[in-house]
Amino acid sequence: MTKPLLSSDKIDHVAKLARIKLTPQEKKDFSRQISDVLSYMDRLNKVDTENTSPTFQVTTKPLSPQDLRTDKPGKSLTSKDALSTASQTQDDYLLSPQTVKK
Amino acid sequence: MINPYLTIPQIQTSLKKGDFSCQDLTSFYLDRIKSLDPKIKAFITITPKVALDKAKEIDQKIKDKKLLGKLAGSTMAVKDIYLTKGIETTAASQVLKGYIPQYSSTVYQRLVDEDAILLGKTNTDTFAFGASTENSGFFTTKNPYDTSLIPGGSSGGSAAAQSAGLCTFSLGTDTGGSIRQPSSLCGISGIKPTYSRNSRYGIAAMASSFDCPGAFAHSAKDLSIVTSVMAGNDPHDATSSKEVVPDYSSLLENKNLKGLKIGLPKQYFTGSIDPEVKKNVLKAAKTLEENGAQLVGVSLPSTDLGIAVYYVLMPCEVSSNMARYDGLRFGQSKKDIKDLLSYYLETRGDYMESELKRRIIIGTYFLSAGYFDAYYLKASKVRTIIKKEFQDVLSHVDLLLTPTSPTPAWKIGEKVNDPLKMYLADVYTVCTNVAGLPAIALPTSPSKTNLPIGFQLIGNYFKEADLFSVAHQYQSLTNHHLIHPKL
Numbered sequence: 001m002t003k004p005l006l007s008s009d010k011i012d013h014v015a016k017l018a019r020i021k022l023t024p025q026e027k028k029d030f031s032r033q034i035s036d037v038l039s040y041m042d043r044l045n046k047v048d049t050e051n052t053s054p055t056f057q058v059t060t061k062p063l064s065p066q067d068l069r070t071d072k073p074g075k076s077l078t079s080k081d082a083l084s085t086a087s088q089t090q091d092d093y094l095l096s097p098q099t100v101k102k
Numbered sequence: 001m002i003n004p005y006l007t008i009p010q011i012q013t014s015l016k017k018g019d020f021s022c023q024d025l026t027s028f029y030l031d032r033i034k035s036l037d038p039k040i041k042a043f044i045t046i047t048p049k050v051a052l053d054k055a056k057e058i059d060q061k062i063k064d065k066k067l068l069g070k071l072a073g074s075t076m077a078v079k080d081i082y083l084t085k086g087i088e089t090t091a092a093s094q095v096l097k098g099y100i101p102q103y104s105s106t107v108y109q110r111l112v113d114e115d116a117i118l119l120g121k122t123n124t125d126t127f128a129f130g131a132s133t134e135n136s137g138f139f140t141t142k143n144p145y146d147t148s149l150i151p152g153g154s155s156g157g158s159a160a161a162q163s164a165g166l167c168t169f170s171l172g173t174d175t176g177g178s179i180r181q182p183s184s185l186c187g188i189s190g191i192k193p194t195y196s197r198n199s200r201y202g203i204a205a206m207a208s209s210f211d212c213p214g215a216f217a218h219s220a221k222d223l224s225i226v227t228s229v230m231a232g233n234d235p236h237d238a239t240s241s242k243e244v245v246p247d248y249s250s251l252l253e254n255k256n257l258k259g260l261k262i263g264l265p266k267q268y269f270t271g272s273i274d275p276e277v278k279k280n281v282l283k284a285a286k287t288l289e290e291n292g293a294q295l296v297g298v299s300l301p302s303t304d305l306g307i308a309v310y311y312v313l314m315p316c317e318v319s320s321n322m323a324r325y326d327g328l329r330f331g332q333s334k335k336d337i338k339d340l341l342s343y344y345l346e347t348r349g350d351y352m353e354s355e356l357k358r359r360i361i362i363g364t365y366f367l368s369a370g371y372f373d374a375y376y377l378k379a380s381k382v383r384t385i386i387k388k389e390f391q392d393v394l395s396h397v398d399l400l401l402t403p404t405s406p407t408p409a410w411k412i413g414e415k416v417n418d419p420l421k422m423y424l425a426d427v428y429t430v431c432t433n434v435a436g437l438p439a440i441a442l443p444t445s446p447s448k449t450n451l452p453i454g455f456q457l458i459g460n461y462f463k464e465a466d467l468f469s470v471a472h473q474y475q476s477l478t479n480h481h482l483i484h485p486k487l
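Those protein sequences? They're chains A and B, same order as listed. Numbering-wise, our numbering puts 34 at position 34 of the first sequence, and it's gapless, one number per residue. Numbering-wise, our numbering puts 19 at position 19 of the second sequence, and it's gapless, one number per residue.
Be aware that a few hints might be false.
[Stated by the list, open to error] Derived, one-sided and incomplete: chain A residues facing chain B with beta-carbon distance under 10 Å: (1) 10; (2) 15; (3) 22; (4) 33; (5) 38; (6) 54; (7) 68; (8) 84; (9) 95; (10) 99.
Hints listed in this document are in silico derivations from the structure and should not be mistaken for laboratory results. Glycine is no exception: its CB is placed at the ideal position from the N, C-alpha and C atoms.
Turn these sequences into a full structure, and let the hints guide you.
And the structure:
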């Protein structure tokens with residue numbers, strides 16, 4: 001694998017996927033810093049993992065249906081409490097900027 | 001005058017004898033924080049009313065001869081990524097500034113239920129992303145041994161508060177070393193339990209397959225008491241283990257040092273390690289050997305891949321976890337933006353600190369189309385190899401002894417502009433997280449310039465009792481944990 005360098009276009013694309021606006025200075029710094037990090041990661045490609053399966057959870061088995069709680073309503077936050085940290089509300093609802101064009 | 005470094009059993013004896021009341025003790029710590037914290041800057045929020053109300057309640061229980069909680073009278077400082085109902089929780093980030101949670105994290109609630117007294121919320125690198133607290137969105141915490149040095153991180157606020165005698169015990173989280181490394185740099189004891197031993201519910205998530213809540217204290221014995229309260233299954237965290245939690249503090253003499261096999265992995269004593277750190281860590285091993293333990297040279301060949309595995313997988317989990325900060329349901333947000341995409345871009349762009357953005361961008365890149373197999377999947381496979389090496393070695397020895405940090409505390413500002421260099425500070429701690437094993441960090445002899453140096457004992461899955469037992473016996477033979485900074 002060739003040394004992966006993060007170009008300015010690539011940074012723009014990834015930043016948009018991540019829903020983050022970056023300043024020009026951040027773009028410049030990140031391009032250099034992240035490229036350093038990526039070249040460090042190259043050492044992983046030298047490891048033979050042909051017959052190795054991946055680990056996603058270290059101590060717990062994947063959940064089975066028996067692990068699920070019974071489907072009974074329990075105590076939960078009231079909608080008033082749940083909305084107490086929201087940026088904007090209307091009645092008992094969370095208000096967000098427009099998502100679909102008129 | 002109260003000794004600020006009282007341990008949990010000492011406090012309980014004094015309360016019983018009537019040497020002081022809980023309110024006296026709590027006021028003493030609050031005053032001490034008021035006078036010393038402007039220099040240390042360990043706390044983001046101090047909670048005098050919550051503390052004194054709780055102390056009053058415990059004093060009343062004592063007066064009425066009611067049953068006291070296991071931690072009655074113990075004061076605690078809590079890393080500001082643990083949600084505390086009704087008390088501002090910021091994760092040391094502008095993103096959450098002003099956020100008042102509607103519920104508490106499980107482990108924090110368990111400690112309060114056993115009558116621990118909250119003194120305040122402590123500084124950390126923003127969302128626990130860092131090794132020095134310099135990435136905090138608010139300020140940098142200072143090392144109590146020398147305020148021109150970092151305290152380590154990310155749980156540096158809790159570690160500095162502990163080291164400066166501003167609380168009885170404190171809470172941190174260890175995702176790549178964030179309890180053990182600051183323990184080492186601040187000269188205190190810290191426990192990172194097995195992954196899944198303590199519930200993660202109600203703690204700002206960093207990397208969910210690594211995150212490990214844990215504690216700092218003045219002794220291994222205190223850590224054993226606190227861990228017995230914190231640990232255990234929680235229906236709110238599906239990954240939390242159902243494994244039974246023993247009363248660790250009743251098992252402190254259980255592991256006999258005579259015949260104990262301690263592995264010294266050679267990869268942890270080579271490379272960029274400071275010669276004095278190496279010498280003093282080996283001195284700790286020697287002390288255990290002189291008291292009957294057998295030292296065995298072992299090899300963990302993939303150790304140098306730990307950082308690479310961690311710094312691929314962690315940012316991937318970060319980028320996914322951080323997607324929840326939409327500025328709608330909680331957290332700060334930009335006003336008067338008409339469409340949702342711009343709302344996200346502006347809100348996240350404006351309030352997220354650089355290290356936060358950097359890790360999200362790296363993680364999003366690794367997970368984006370065309371790169372998944374090369375990075376995320378590859379690193380997950382190497383994770384299996386690292387885990388297996390530990391399991392093989394731990395089938396021959398009882399535990400491992402290694403340094404915790406390659407150097408003592410460094411100067412504020414020294415590594416802050418070089419993220420890769422900062423990431424490499426985790427070299428001795430991170431593999432334990434990759435494998436999910438428990439480890440306890442303890443101070444050994446300090447450096448010639450009186451800076452703390454630490455080592456860690458790494459045990460097998462859910463063998464915390466062995467770690468506490470060996471650590472307690474080590475601390476009965478030595479007095480490094482009784483050294484405190486001059487403030």
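**OP:** Starting from the hint list further up, note which numbers the structure goes against and sort them upward.
**Re:** none
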